[in-house]
Amino acid sequence: MLLREIAHARAGDKGNISNISVIAYDPQDYPRLENYLTAERVKAHFADIAAGEVQRFALPALGALNFVLHDALSGGVTRSLALDAHGKTLSSAILSLDIPDQDSPTVLAPTA
Amino acid sequence: MKRIRIGAGAGYSGDRLEPAVELVEKGDLDYLIFECLAERTIALAQRAHMQDPAGGYDPLLAERMRAVLAQCSEQGIRIVTNMGAANPLAAAAMVREIARSLGLEGLKVAAVIGDDVLDTLRAGQFMDDTGQPVNRLGERLLSANAYLGAQPLVEALAAGADVVITGRAADPALVLAPLIHEFGWAMDDWQRLGQGTLVGHLLECAGQITGGYFADPGYKDVAGLARLGFPIGEVAEDGSVVITKVEGSGGQVTAATCKEQLLYEIHDPRAYLTPDVVADFSGVRITEIGPDRVLVEGATGHPRPDTLKVSIGYIDSYIGEGQMSYAGPGALNRARLALSIVEERLKITGVQTSEIRYDILGVNAMHRDRLAAPHPEPYEVRIRVAGRTDSLREAARIANEVESLYTCGPAGGGGAFKSARDIVAVLSTLLPRDAVQASVHFGENQHAVT
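From first to last, the protein sequence lines are chains A and B.
When we follow UniProt numbering, the leftmost residue of the first sequence carries the number 1, and every step to the right adds one.
When we follow UniProt numbering, the leftmost residue of the second sequence carries the number 1, and every step to the right adds one.
FYI, nobody ran anything at the bench for these hints, they're computed from the structure.
Note that the structure is predicted; figures quoted are calculated from it, not measured.
Incorrect hints may appear among the rest.
DEER-style ranges, computed between Cβ atoms [claimed, not checked]: (1) H302(B) - E53(A): 23 to 33 Å; (2) E53(A) - G283(B): 20 to 30 Å; (3) L2(A) - R285(B): 23 to 33 Å.
A virtual CB, placed ideally from N, CA and C, is assigned to each residue, including glycine.
Chain B on its own, in the form it takes in the complex (with noise of 0.2 Å):
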């Protein structure tokens, strides 16, 4: 049966170089992707490209494709990534500004593009998933992206790209496409296009699967995360995957790892939407078969959804944060009187908060005082305020009442940190189909997705 051999560069945007670099060298691998958009993400690569028309895309770009591109070329490894974010065309661009400076003569860099529906959004009536008109936001709407399905990258590999860059796509899209083009599965093939869905999600967090953000010393012991192995999935044309990593890299890949990842970010298991199929994992059997060898199979699919997930991102409101650390004997409580000294100053100064919180790290900042049960008073806490305003001045307000604890304060309170920041914020909506025009772009050249 023939076999396909996809290595995953990238977990996310700011991920490590080297694995990719170690996967290309010695992974034996025919695809190579990167997943570097997060749902945050691509609504500040908008505000990126609004301030810079030349920017938009991924920060790590050139920096990846400079390690990767001409070992890649040169084995014939394709490569498969939303790097592109808000602007995949000037990505497309700047890789192959790259190509030509490595003398990769003759490399076929595509774009696809078509995720951005901003206009379509502001010139109709939409609602967002709260239930409220998408106008409202008015000159706060920055971006709105659709996800794409896997059909316009199979396209650009169908026309022979050796690099596929998109923005918005379904993560597992990246690793469904090259599937669908190595082996010619129809796009209503639903068992496998779900199978194929599942490889993609086992694999588009990278280190997530061999060991990385596993370890847990005593109870799950991993080796060598200093120098963590990425990925690769060994698909067959059936659609089961093994999933393993190159021989003496750290991490390790055990059925555990695959449990662990199989659920990351999945709700009902026997309906995981995305556009290009509605994946069933409620039948996975997941089977080690060697060391770091681990076959996963019996996913299915059914019909994908009429519609597609836009992803809408706006300027919702500002934050401002202010800490200072407390140590030794009456920490806790010398933490506390600030915190109280803090919110009688809000008050008194008139900020106005629409929610605001007040954390002692050490203590209570992560799962609130019913879960941090009474424990020994620590030998060190920071204090930490963040409170949501209507504008950054006020923002601001916040982070200096806690920095003036230095001097008008309790005793001993030390490294004090302020910030004041715009919160860009996501909302999600539902569009029509053909409401959304995917296309593929090689330099001067273009065609539309059908």
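For reference, chain A alone in the conformation it holds in the complex (with noise of 0.2 Å):
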């Protein structure tokens, strides 16, 4: 499934580097998305964009995780050359990777 099914996005930026946060609508399903969205996911996601680190910041108490990816913005929305200068579009994104579903053992099995 998509992870659009169980969790909002948006993204910020600073120079040139992106934040993503990734929200679950129902903090029930915070535990999968700390256990399967994880930095080295989101960074082969980004693959094409991110040049540099992601670096993962989680916030329990919100349901929520921070992605955060360095060099990602092709120099800062100052010199771009991005038709989407911010990187305001990679909210959407992240929301198109592909999650296990619940029940599969994927969700279970303890992260690298």
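Using the hints, put the two standalone chains together into the complex.
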């Protein structure tokens, strides 16, 4: 299933760094996010876009994860050649990530 | 417990005007803030200031003030804004002029200056965030503005300002300053300053917390976006805040809208750096306590940084851009052919670019090829070529190569667009606090801020 089914997201920009929050609609789905949405998976998803490191910050009380994608905005909003120089549309791109359904063993497996 | 009602009348320079008027008319406000200064806005404003010594402030300043000033004065609503941009003194003079024209005698308008540190940076040896000396920019260096904290704004309010106009201050400081002033918070009460900074961060983008920039039909439905209400923060003395909006206005305030805004432009939620405090949002609790009423509490903070961040604006390069549309059967193949023609033409004619991209809008322009996996051919697409050059002349040649597809490219191209412009880019550096001296000006009078 698509991440979109269980979470919403917003992207922000600071210089050449994009941050994308992913927030579970239902707090009960948060452990699935935490388990499956590793920094590595997000980095792989954005391989064409984010050249640098991807950091993940967890906010369990909010049912949210915050991803910080370095070197992801083509030099930053002020000098980027991209049509979406702020990287605002990246929030939608993360929601197109495929995540395992609830009963999938992948969800239960410990993350690497 | 004492409570202060703060409304956010703008989340960026070009924001809508009516929601601020609605806030003033129906919001029962104590303070109205307008956050209008983005990273690049101040650099562009500095350039406008150079071209016109009386200019360089927000283009919508006069319109906003004419819309709200009389009623704010009547109700005792104090206004705090960074619409001064590169010229807070001229902005304040303009607001005094508008006040006089509206018959508002005795309105006190304060300008906060001192954020402009261009001379300091030119005179010293400073490194920017890429590790290179700032001096290398030479004549390309346009502006340098330090992020001021709440202190000078608090002093302006304490001196009786009805309107406070700043240039570059940290966005949350526009809200934090009234809270410090009203509640008498100490400047080292890190917990309250952290929570007050959170309130500022939640309110600073205005409609982004009341349902603007949130709707996703079928998943996140929001009613009344065309008459979106802007937020009101009801802030208690302990810093906890209820986010709400004018009853009957469009949009919505929910835990979800507050969570999205909480994390907007945040990196490590435990360490949100501002001039006033290193705010810690990691323990924040968000509770819906009624329709369009959300309680946000639990932020804290750590001692403020010793240095202030400085945004440096400079002429970086030039960008030439051209676009053309293709539609109907075979549109995608004709678009691809068009791009390959432009690429070859730029080689043949020797246009030098340091960076270039070839996009097909409707296919891969946003997220490149990998995420834009195979989809059915769209009915219409638009090509876009954008390249970086060292001169405006070279940039224009890129744009022209796309436009000339009209007569020399594939069949059926239409709707050409072209542009060539210089790019004011932004770098940052850090300055010791004592290198930055803010001051507050009331017309002829001024006093330095300690």
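Violated hints - listed by number, lowest first: Violated hints: none at all, because every hint is consistent with the structure.
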